[in-house]
Amino acid sequence: MFLPIRQHLQEVFRYRSLIHSLILRELKARYRGSVLGFLWTFLNPLLLLGVYALVFNVYFRIQMEHYAGFMFTGLLPWIWFSSSLMEGTNAITSGGSLITKVLFPGQLLPLVKVGSNLMNFLLSLPILFVFLGFMGIFPGWNLCWLPLILLIHFAFIAGLVLGLATLNVFLRDIQHILANLLTLWFFLTPILYPLSQVPGPFKKFVLLNPASLFTLGYQDIFFYRRGPDPWHLIPALILSVIMLGLGIALFEHYKETLAEKL
Amino acid sequence: MTNSAITIQGVSKSFKKIILRGNHTTLKTWLLKPYSLLSKSHGERLEVFSGLDLEIPQGISLGVIGRNGSGKSTLLKLLAGIYKPDAGTIRVNGRISSLIELGAGFHPEFTGRENVFINGAVLGLSRKEIEARFDQIVRFAELESFIDAPVRTYSSGMYIRLGFSVAVNVDPDILLVDEVLAVGDESFSHKCIDKMSAFKKAGKTIVLVTHDLPTVERFCELAVWLDGGCLRAQGDPRQVIDAYRQEVARWEETRFQEERSEGVCASPAGQLSKNRWGNGDLEITRVRTLDDQGQDRHVFQDGEDITIEMEYQVHRPTRDVVFGIGIFNGEGTCGYGTNTDLDQVVLPELPSRGRIEFKLEKPRFIEGTYFLDVAAHARDGHAYDYLSRCVSLAIRSSSKDTGFYRIPHRWVLPGGIQS
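From first to last, the protein sequence lines are chains S and L.
Per numbering that gives the first Met the number 0: the first sequence = residues 0 to 261.
Per numbering that gives the first Met the number 0: the second sequence = residues 0 to 418.
Be a bit skeptical, because a hint or two may be false.
[Claimed, not checked] Pair by pair, the computed Cβ-Cβ distance ranges are:
{"id": "1", "chain 1": "L", "residue 1": "G68", "chain 2": "S", "residue 2": "G49", "range": "57 to 65 Å"}
{"id": "2", "chain 1": "S", "residue 1": "P125", "chain 2": "L", "residue 2": "L45", "range": "50 to 58 Å"}
{"id": "3", "chain 1": "L", "residue 1": "P56", "chain 2": "S", "residue 2": "S16", "range": "32 to 40 Å"}
{"id": "4", "chain 1": "S", "residue 1": "R171", "chain 2": "L", "residue 2": "D400", "range": "40 to 48 Å"}
{"id": "5", "chain 1": "S", "residue 1": "P125", "chain 2": "L", "residue 2": "R44", "range": "25 to 33 Å"}
[As the list claims (entries may be wrong)] Using 25 Å as the maximum straight-line C-alpha spacing, the simulated DSS-like pairs for lysine-lysine come out as follows:
{"id": "6", "chain 1": "S", "residue 1": "K27", "chain 2": "L", "residue 2": "K127"}
{"id": "7", "chain 1": "S", "residue 1": "K260", "chain 2": "L", "residue 2": "K83"}
{"id": "8", "chain 1": "L", "residue 1": "K15", "chain 2": "S", "residue 2": "K254"}
{"id": "9", "chain 1": "L", "residue 1": "K127", "chain 2": "L", "residue 2": "K194"}
{"id": "10", "chain 1": "L", "residue 1": "K200", "chain 2": "L", "residue 2": "K190"}
{"id": "11", "chain 1": "L", "residue 1": "K190", "chain 2": "L", "residue 2": "K399"}
{"id": "12", "chain 1": "L", "residue 1": "K361", "chain 2": "L", "residue 2": "K399"}
{"id": "13", "chain 1": "L", "residue 1": "K83", "chain 2": "S", "residue 2": "K254"}
{"id": "14", "chain 1": "L", "residue 1": "K15", "chain 2": "L", "residue 2": "K83"}
{"id": "15", "chain 1": "L", "residue 1": "K15", "chain 2": "S", "residue 2": "K260"}
Hints are computed from structural coordinates only; laboratory data are not their basis.
Just so it is clear, CB atoms sit at the ideal spot from N, CA and C, and this is done for glycine as well.
With the hints as constraints, model all of the structure from the sequences given.
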């Protein structure tokens, strides 16, 4: 069980320069041929922010202080999470000749999707900081927690995407189920509303959702200017390790039949 | 260290038929049969190999030949590690670079330069190693002025040149090549052969899958003939290819038989059709091509005697009969045509049923497929029975000269040496 996982991670490490160039290729390909090019990386979240702020601040007149900043804090990591899942689940099935014609480490394909979406997330962080700055919110030293949260979150997403991408080869419905599931998942995650708004008995259901744990972590360090709650962080860490292990185990179990199945 | 580059022992490989039909498990089938994902044995399976043994010595060029669907490409994919055998072992000694599909992994939106780096990384090179080889790769591919253009603007030839160039310049110990050299132009395929020869000299191993038999004969020290997943023959390329050619001739023979029994000569005489016309006073009832043993055959070796036999039946007595014959190639060009009148053959009084033979002694047709027209007509050209393209025959030859018919010739070299 553990040996394949170690070998898997070693293989990923061995291909780090390939991963690097594939992520660059992914980022470049996304905007190549478009006039505004890389600006879209910033425009997408800005547009989202504008719409959400209009709806919830102006139309709904939500009373919470700095609500737009709060919402934006949760929204950016969610975009990373959901687009990684959406793109990554298809990554192996659409890998085509890379899987069937050359000996290519298939696990890189979903990983690259997660990585390129992470890059987009990181590049949109400055907008978040500027925006929070306008509201007088400066995260300060608590930002030191960011790499740790990113790492745990990354492991969780990578494991989940790897597992889903593998299963999607055998069961193509997954990509369609996922698209619907993500919408539900979004509203069950405390992004548009703070956890404190959730009535007592439902709080533990919110916390059963792994995506909540990460969202709360980002909200703690960006918006509330405090260290992350260890009662969120430690379960998240455990979940991530399990998820990564499961994803790798699933991929390793099926990797030899992937080329035939495509 | 052994001196074999690849050792294949008892390798079996089968595919689920269901996969070949592109039938993926959907949620519905999965719900109906929840264990279908886990069980490995359900469904019909197509066995490609069962218990294949093969040893490829180091520094050898191996040519793999065989008909379509005989398992050549599956073998290559097994060697490359893209497929895993169901049973048995494959031991590979050294680094493999494969050209199973040239340009696999090229991203159309990226420039040649970017793709070289990505492709090289896929083949296991570090960035530094690729940088060191980059100029060499581009020069070999002859793409200096296009390397910064997106590869979607490349022609298929340019694609192939770049793919081949990357694959051979990464210094593999074993090179797997699948029927790709045919795609490039003449000068590039010569270059590829040169490069592979240099490879061979450097003691590296090459496995070449191809239908280009002369290349195998020239280039390889060892050949294997795969037929239905079995090794039909292995050894000296000349012998293996010879055996393969004979089998192909036999196979074509039966195909010709089938075709002929189906259609040709089917429309009755006297009826106007695309392939047959005439008033039917004299009917040609059967046309056959015979070898020197009198056996009905359709595939002949170059230089073999061929007899064209026509059986006829006279329906209304006529004194004025000319039998003629025409030989056409696949494009419909007439290579030779003659008749009894032109050859000044005086026909006797014809019995009402009979047979006429046209004998070709040691004909030197060029390799290819030919079609025969046979006819009986009056001296003024008025047709009694004209059968157009009624028999096809195939000529097999080891010589690759071109045209229609080999004109007797010889070369005289400087110094008066004659060859």
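Hints, verified against the model:
1. L:G68 <-> S:G49: 57 to 65 Å: 59 Å, holds
2. S:P125 <-> L:L45: 50 to 58 Å: Holds: the Cβ-Cβ distance is about 56 Å, inside 50 to 58 Å.
3. L:P56 <-> S:S16: 32 to 40 Å: 34 Å, holds
4. S:R171 <-> L:D400: 40 to 48 Å: Because 54 Å falls outside the window, the suggested range is violated.
5. S:P125 <-> L:R44: 25 to 33 Å: 56 Å, violated
6. S:K27 <-> L:K127: It holds: about 22 Å lies between the C-alpha atoms, which stays within 25 Å.
7. S:K260 <-> L:K83: 12 Å, holds
8. L:K15 <-> S:K254: 16 Å, holds
9. L:K127 <-> L:K194: 23 Å, holds
10. L:K200 <-> L:K190: 15 Å, holds
11. L:K190 <-> L:K399: With Cα atoms ~21 Å apart, K190 (chain L) and K399 (chain L) stay inside 25 Å; holds.
12. L:K361 <-> L:K399: The hint holds at about 18 Å.
13. L:K83 <-> S:K254: Measuring from Cα to Cα gives roughly 10 Å; hence the hint holds.
14. L:K15 <-> L:K83: 14 Å, holds
15. L:K15 <-> S:K260: 9 Å, holds
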